[in-house]
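Given these sequences and hints, build the entire structure.
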Amino acid sequence: MANESAISVRGLTKTYTSKANGSKVAVAGIDLEVAKGEIFAILGPNGAGKTTTVEILEGYRNRDGGEVKVLGKDPAKLGNDSWAWRNRIGIVLQSTNDSQDLSVSETVSHFANYYSNPRDPDSVIRDVGLDEKKNARIQSLSGGQRRRLDVALGIIGNPEILFLDEPTTGFDPEARRAFWDLIRNLRDEGRTILLTTHYLDEAEALADRVAVIVDGKIVEVSTPGNLGGRNTAKARISWLENGSKQEIESDFPAAEVAKLSAKFGGEVPELTVIRPSLEDIYLKMIGQL
Amino acid sequence: MRPNIIKVGFLRGGLEIKQFMRQRESVVFTLLFPVMLLFIFGSVFKGDLAPGVTFSQYFVAGMIASGLVNTGFQQLAIMIPIERDFGTLKRLRGTPVSPISYFIGKAILVFTAMIVQVGALMAFGAALFGLNLPNTTERWLRFAWLILLGSICSTILGIAFSAVPKNGRGASAVVSPIVIILQFFSGVFFVFSTLPQWMQQFAALFPLKWLTQGMRSVFLPESFATQEVAKSWEIPHIAIVLLVWTVLGTILALKSFRWSDK
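Chains as they are written, first to last, in our numbering: chain A, 1 to 289; chain B, 1 to 262.
If you're looking for bench data, these hints aren't it; they were derived computationally from the structure. Zero decoy hints are in this set.
Derived BS3-like pairs: lysine-lysine, alpha-carbon spacing no greater than 30 Å straight-line: (1) K69/A <-> K255/B; (2) K217/A <-> K284/A; (3) K36/A <-> K77/A; (4) K7/B <-> K134/A; (5) K77/A <-> K166/B; (6) K18/B <-> K134/A; (7) K166/B <-> K19/A; (8) K73/A <-> K255/B.
In structure tokens:
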């Protein structure tokens, strides 16, 4: 397993100190293991420590404690090897506002020059769905198109790991679905993807595994379907009987419904069967419910 | 294999020029501002400083030298903090690109802008104020290395100084006064030899005074050398001061250059 890991984090801590706000613990001891080729989501509310964690992995920030290995290297101790390491990773930052005066294709083609084994700029632009906007100036792009360009610049170097920090914030639903397809395609090409998001549905739709992070700590790591014991949680069955609402909880809802159906001789009045939604579970986890 | 750092630097230079050309305001400002100043000063001061040396002739030398400082040092020390704010540098930091390539790109931008600016100043000066262009090959060659070395020196000092402003908004307020004071002290707006001695000595610590003197040696008659403080153009001195500041600036820039806000 150890050499299968793309990212490995042990006991990561980071505290910010400022004169104005005193000290704030951003990351309070995080362990993570991301396997090669998986989409791993870090899910949590704003200010939970997602971006700090990812920026430490990307080599932007120093940590206070713990061990970090990304593609076998410690991002804080790259030395003269730093270019070779950066040559193998792709980064999509949270928000950028640069090179407004260049066109999409000028920018993507230029960034290809930085890498030793870049992808073909035209095919990257096509993959992110910006073919029609190829010659448009960046300043004329919509928010979603701009984000697609960010991804294009993140993958132009043919990275083994792609970091995506809150990639779809501010997207309309249609743009988000299209963006998710793009990310799945990147995974299918064999890349490891580490994604942060505060959208539950995004983690559910994309991730192979999810880590929920609250106040700088991981509260759970699991597949989206198993998050918070959702798969084993009791189902709640309710129906109308003798003019009042009846409700039971059961591990075997189908059997209960069959019993009720036999009792009523067919249809059961106002029957509902509910499993806790992922959202209920998530809100409980982050202490909002 | 790593892409060649110098080659990527030149590619960055091309990109920087492209971006610069597309910002109409900055193009107009860079090209027209020196010409406008020449027009104002040339119209106000009509007299001769010495037989055959008009004020315009003297002033063009100063304008070209301070153009090097404006286009390199001042522009970069303001523009780089803005690029930091916009995330341009943070994005670059996430790629394998070397800071050296970034520096080279900036130097190419500055050098190109200078060539265009100098061309505009000379054409305008010759057309309206009877500016005499350099008249020997030796002077043209000296002119060329002064522009080249001046651009590099000014670029690297601008990059080094870009670490000082906290952010893009405050950058202009930190950088511009330094440049304006240096211009007054270095004999851009006044005849250097008429300045108080302490001003001259202070100015002699910085490259602008030497660039201005070098440009005078290109644009003024040989006889004017005797009116310099040292009674000569001091060409070797000029080269040494510029080289020392370039080396110093490179060390500082490599040490202090920040890709992002701390």
